[in-house]
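Asker: Residue strings, one per chain:
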Amino acid sequence: KAGVTQTPRYLIKTRGQQVTLSCSPISGHRSVSWYQQTPGQGLQFLFEYFSETQRNKGNFPGRFSGRQFSNSRSEMNVSTLELGDSALYLCASSRRPGTSGGVSTDTQYFGPGTRLTVL
Amino acid sequence: EDKVVQSPLSLVVHEGDTVTLNCSYEVTNFRSLLWYKQEKKAPTFLFMLTSSGIEKKSGRLSSILDKKELFSILNITATQTGDSAVYLCAVVEFTGGGNKLTFGTGTQLKVEL
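Protein chains in written order, with our numbering: chain W, 1 to 119; chain X, 1 to 113.
If we strip away everything but chain X, and leave its shape as in the complex, we get (with noise of 0.2 Å):
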């Protein structure tokens, strides 16, 4: 069965630490991996990777893919309280004419004065 698993489910940081959010999976026809934040709310879009190698970069936040090894990170420095919430990883497969998207059961991030 298809496959994402988060790690670690839950952290709590101080301002200004630097966190490292890890997805691995295990899908049939890997398309791209997106990587959400979610609050109280509906998820937003962070990143979307689809080749290794390659650093996605907005502002504190990057991310980055290995196809080979089958895993992405999260990297997030200078933490702020802000960045609490919950980090969601979906990995996106293609199944016979459509995309069909599996989440993580996401990282829960608390970040402290």
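Looking at chain W on its own, in the form it has when it is part of the complex (with noise of 0.2 Å):
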């Protein structure tokens, strides 16, 4: 079974441009959840789809944004760009969130991550 795709692997922009990352799920996954990954900050959670719909969001500024599409793969976009942007983004899938009247602990799988440096 395939792992999950993240494109592009590497992207260098500047300052104030918006750039679009993409990431594929594992086949039968159907929640993408979204991580920057920074040497200060370590690993910190963006949000998480599932179904198409965005289903919790962590502490990011409104450029900040996603989408899910009906084969469950997501693309993150960010707007207006600036230096501190500059870091690994993950995308992990997993079958399913968490559902309210049950617990599920679906472990998450990650992807290679996108490199995005900002000039």
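To be clear, the hints were calculated from the coordinates, so they are not data collected in a lab.
Here the structure is a predicted model, which is why all the values come from computation and not from measurement.
There may be inaccurate statements among the hints.
Claimed, not checked - Calculated cross-link-like contacts (lysine-lysine; reagent style DSS-like; alpha-carbon spacing at most 27 Å):
id, chain 1, residue 1, chain 2, residue 2
1, X, K41, W, K57
2, X, K3, X, K68
3, X, K57, W, K57
4, X, K40, X, K110
5, X, K37, X, K57
6, X, K68, X, K56
7, X, K41, X, K67
8, X, K57, X, K110
9, X, K68, X, K37
10, X, K41, X, K110
11, X, K37, W, K57
12, X, K40, X, K3
13, W, K57, X, K110
14, W, K13, X, K56
15, X, K3, W, K13
16, X, K40, X, K57
17, X, K67, X, K57
18, X, K37, X, K110
Dock chain one against chain two, each of which comes alone in its own frame, and use the hints as you go.
Answerer: This is the structure in structure tokens:
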């Protein structure tokens, strides 16, 4: 079974530009989460999508947005890029998120990441 | 604010040593705790722990969770240079219909010959 794929793997942009990153989950996985990883802040949760709906959102400004398509593929968009947005952006998929009335502890599997450099 | 704290921040050992990595947490609606190994790429899954006192084991690695004291440990016995990596602990909490992962900052392990 193919793993999580992310495109592009590397990206260089300048301040003020916008960028779109793509993530294809493992086949059969419907939940996609996005994370930002920087040396100073570690891994930080951005948002989670399930069934084309954003289920959770971390503490990031509105410049960070995302969406999920009917085939579970997800895109993440960052507008008006700042130098501090330089990071490794990781996407992770799982079969499903938590469900009310039950406990879902599905493991998330990470993609290789997109290394974004903002100059 | 929710918090996941790992210790030590970094560790250097010699091959053959046994190491214990710690992860303590404070989250609102705990569901599970995950351990990941991260080398120069994306994290790879090691263990998922949901119940206290039940040890999970995979080869030389093992982990256990204490939900009363809110911590977990990851043990690596007979360490090898290939164990050198950042070990990440993440806590899954349920937030009104979805899961949220909060990661610790990781423990950098270096295993020397």
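Asker: Next, verify each hint and record whether it holds.
Answerer: Against the structure, the hints come out as follows:
Distance restraint check for K41 of chain X and K57 of chain W: the Cα-Cα separation of roughly 24 Å lies within the 27 Å cut-off, and the hinted pair is therefore satisfied. A threshold of 27 Å between alpha carbons decides the hint, and for K3 of chain X with K68 of chain X the separation of about 16 Å falls inside it, so the pair holds. As the CA atoms of K57 of chain X and K57 of chain W are separated by approximately 33 Å, the hinted pair breaks the 27 Å bound. Simply put, K40 of chain X and K110 of chain X have alpha-carbon atoms about 13 Å apart, close enough for the 27 Å limit, and the pair holds.
A C-alpha spacing of about 15 Å is found between K37 of chain X and K57 of chain X, which places the hinted pair at or below 27 Å, so the restraint holds. As the CA atoms of K68 of chain X and K56 of chain X are separated by approximately 18 Å, the hinted pair is consistent with the 27 Å bound. Using a Cα cut-off of 27 Å, the hinted pair K41 of chain X and K67 of chain X is violated, with the two alpha carbons roughly 30 Å apart. Between the alpha carbons of K57 of chain X and K110 of chain X the distance comes to roughly 21 Å, so the proposed pair stays at or under 27 Å and holds.
Proposed proximity of K68 of chain X and K37 of chain X is supported: the alpha carbons are some 25 Å apart, at most 27 Å. With a CA separation close to 16 Å, the supplied pair K41 of chain X and K110 of chain X stays within the 27 Å bound. Proximity of K37 of chain X to K57 of chain W is assessed by CA-CA distance (about 25 Å); at most 27 Å being required, the pair is judged to hold. Proximity of K40 of chain X to K3 of chain X is assessed by CA-CA distance (about 25 Å); at most 27 Å being required, the pair is judged to hold.
This hinted pair does not check out: K57 of chain W and K110 of chain X have alpha carbons roughly 34 Å apart, beyond 27 Å. Distance restraint check for K13 of chain W and K56 of chain X: the Cα-Cα separation of roughly 43 Å exceeds the 27 Å cut-off, and the hinted pair is therefore not satisfied. Among the hinted pairs, K3 of chain X with K13 of chain W is inconsistent with the structure: their alpha-carbon atoms are about 33 Å apart, more than 27 Å. A threshold of 27 Å between alpha carbons decides the hint, and for K40 of chain X with K57 of chain X the separation of about 24 Å falls inside it, so the pair holds.
Of the supplied pair hints, the one linking K67 of chain X and K57 of chain X holds, its CA atoms being roughly 18 Å apart against a limit of 27 Å. About 13 Å separates the Cα atoms of K37 of chain X and K110 of chain X, which keeps this hinted pair within 27 Å; it holds.
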